[in-house]
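Given the coordinates of chain A, assemble chain B onto it according to the supplied hints.
The primary structure of each chain is shown beneath.
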Amino acid sequence: MSFSNLVELKTFNVFPEYFIGISALYILIVLVLISYNVHGLIVQRALSECIGFVLLLACYLIINDDLVFGGSGFELYSMLGFYKSSVTDHFAFFTKLTVCLFSSFYFFIIADFLKDYRLTSFEYLLILLFAVLGLVLLCGSNDLLTAYLSIELISLSSYILAAFKKTSSYSAEAGIKYLVTGAISSAFFLLGSSFIYAYSGTINVTDLWLIISDKDWLKINKVNNFLEPFLEVGLAFTIFSLFIKLALAPLHVWSLDVYEGAPTISTFFFAVITKLSFFAFLVRISYIAALKYDEVWQFYSIVIAFFSVFVGSFGGLRQRKLKTLLAYSSVSHMGYTLLAFSSGSRFGAEMLLFYLVIYMFSGLGVWFVILATQIRRKRYTDKFNTELGNLVLLRKSNPALALSLTLAMFSIAGIPPLVGFFAKMGVFLSVLHAKYFFVALLAILCSVVSTFYYIRIIKILYFENFLVGQLYYPLMTSKTTVFSISIFFLLFFFLNPTTLYLMVYKVVLCSFIN
Amino acid sequence: MLSANLVFYFFSGVLVFSAIMVVVASHSVFSLLFLVLSFITSAFLLFMLECEFLALIFVVVYVGAIAVLFLFAVMMLDAKLQNLARNLFRYLPVGFFFALGFLVPMLHQISLKVGESKSFFIQSSYVNWYDLLDSTSDVDVYGQVLYSYFVLQFLVVGLILLVVLIGVVYLTNTYTSNRTVDQSTYKQLSVSSKFFY
Chain A
460 MSFSNLVELK TFNVFPEYFI GISALYILIV LVLISYNVHG LIVQRALSEC
510 IGFVLLLACY LIINDDLVFG GSGFELYSML GFYKSSVTDH FAFFTKLTVC
560 LFSSFYFFII ADFLKDYRLT SFEYLLILLF AVLGLVLLCG SNDLLTAYLS
610 IELISLSSYI LAAFKKTSSY SAEAGIKYLV TGAISSAFFL LGSSFIYAYS
660 GTINVTDLWL IISDKDWLKI NKVNNFLEPF LEVGLAFTIF SLFIKLALAP
710 LHVWSLDVYE GAPTISTFFF AVITKLSFFA FLVRISYIAA LKYDEVWQFY
760 SIVIAFFSVF VGSFGGLRQR KLKTLLAYSS VSHMGYTLLA FSSGSRFGAE
810 MLLFYLVIYM FSGLGVWFVI LATQIRRKRY TDKFNTELGN LVLLRKSNPA
860 LALSLTLAMF SIAGIPPLVG FFAKMGVFLS VLHAKYFFVA LLAILCSVVS
910 TFYYIRIIKI LYFENFLVGQ LYYPLMTSKT TVFSISIFFL LFFFLNPTTL
960 YLMVYKVVLC SFIN
Chain B
18 MLSANLVFYF FSGVLVFSAI MVVVASHSVF SLLFLVLSFI TSAFLLFMLE
68 CEFLALIFVV VYVGAIAVLF LFAVMMLDAK LQNLARNLFR YLPVGFFFAL
118 GFLVPMLHQI SLKVGESKSF FIQSSYVNWY DLLDSTSDVD VYGQVLYSYF
168 VLQFLVVGLI LLVVLIGVVY LTNTYTSNRT VDQSTYKQLS VSSKFFY
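Keeping their order, the protein sequence lines are chains A and B.
Going by the numbering used here, the first residue of the first sequence is number 460, and it counts up by one from there.
Going by the numbering used here, the first residue of the second sequence is number 18, and it counts up by one from there.
With the rest of the complex left out, here is chain A (with noise of 0.2 Å):
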């Protein structure tokens, strides 16, 4: 037996990874040398930048791979590391790049917030920044064993980012909450793959779809086939455990109160940053591993992804909290999302990352005006913006601000001159491909449904004849670089789709077969 040339430079594919969890610990010590209780405040932004130009030299590694672009079209072998647990395909690749980006983007919008927001330990960053590494590694992840060690590693993360701050209950509950939801998660996902090693002998994706694409495979196993319902339950338990986690209609109900009592920063990564890779692993299982299975998952996908649209478009209707609101938002968009992934199609999986990378932008916009508009009070109670009739006169105090918030909203809902209608409508011409046009037609009227209360939200910036309103503090320009950038490419993809489309399109052809 050698052992020797199992750990390759050649087949070392998690470099990007590599390199962010060397720096936490880097960081870690660091900071611990230097004594944070006396220093914590001076270095706080300075920590949250650094860690956002970290993850902008992870974009640059990974952009800078040679294993990604070693090979044109479909290749099985060619990109698979650490025997075969780790992929960079490019799939792997893009959906890795846009959550370094995002990820780095976020960290540039909190470093102002957290001194206002007095999350001002240094264990508050250290945990996000392991969150993100956990987030990357579940991008390219080829093994159910990794797979779920980094749902754990960001689950972790998560739990102890709801519950941060300790003088308040919600955050506590909310703690509570995400760490019960979370463990009967974990659980299920465990018992599914062990139904799926129980089938199959592997966990792996790539070989477990060679064993079930191989008609002859189960042939020569004849035993197997008393077996077989076992994948199918197992998948299912494997596909639903991410169901729980991407918060999705039935499964959603932890993520109103966790929303609602987490800090607004934690908040903000939950419903912005963590969602794209859950998506990202659950395509490489269905469409990789589970192709020839896809009646099975077709049929929860869309059943799911119907009920979330419908769930988080009527749910949001007599929501006046700031916070419950977007998570109710937040579960319809991961329907819409599902919908293009339950088409089973190449065309639905383009859609579903042209939706998350679309989502993720005007998320962006959404939490950045969230936190930016601190009411001017006394108490440190008071000051943060929870009630929807907060924003009432914020055309007055900032109109950049409440035009931007304007903007962002038409996008989510899907009006036109934005870029959120090109996503909305490729999500339904996914659907209407995979011919469930009664699907279709329902998720459409729910659409129009969910337009309601952010139209709401502008009806409530622009519209109400209010003299006296909330008094905000003023935002210094430099602290809306990101929050601009992101409000331009909602303009920008709107009259320039192609750009992100033609990516998405390439990424797709290159990673799946059907």
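Honestly, I wouldn't trust all of these hints.
[As the list claims (entries may be wrong)] Derived list of chain A stretches under chain B, where covered just means 3 residues or more per stretch with a C-beta under 8 Å from a C-beta of chain B:
1. 539-553
2. 574-585
3. 613-627
Derived by calculation from the structure, the hints in this document are not laboratory data.
Fair warning: this is a prediction, and the values are worked out from it, not measured in the lab.
Glycine included, C-beta positions come from ideal geometry on N, C-alpha and C.
Here is chain B on its own, set in the frame of chain A:
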């Protein structure tokens, strides 16, 4: 062979003795300490069966984590648990029932083995000595697999533990009260406790 048998009898004797003492000891701290002793001796027995990895896991998990955790909890709670031991005979029928439930299947298995070899004593007439030679030990094999096939997963597990450690330290630490908790030796030594009841 004789020396190995002697060592086996010694450790199994200690195991049985400490297992009895877990039940009989008057104070719960003593019974927990005997529980630790019984885990350690069973780890020794596993060592003699060449299950090194399982033995080490026994020591690390049961002794290192669970038993010490119990010990710590009992000592922290400082509960008056002495009186519980007086009702020992009340629970004897239930314990007897469970013991029977474990003993009968075990004896059944042994009788199956004995039935195979057609004689009362299990004796191996033929020994393949080559099989008894270990080229790599248990731990060695696990290590080789873990550090070569599962390097990435191993590192991620380490990171998960680090995250949890940081989180727990942050969430439970209160910087406001830096009072150290010190022990009073006199109070600890003045406690008189009977070993048996």
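Evaluation of the provided hints:
For a cut-off of 8 Å, the count of residues in the segment 539-553 of chain A with a CB near a CB of chain B stands at 4, and the three-residue condition holds. Counting residues of the segment 574-585 of chain A whose C-beta sits closer than 8 Å to any C-beta of chain B gives 3, which meets the bar of three, so the coverage hint holds. With 7 residues carrying a beta carbon less than 8 Å from a beta carbon of chain B, the segment 613-627 of chain A meets the three-residue requirement, and the given coverage holds.
Going down the numbered hints, you'll see the structure goes against none, and every one checks out.
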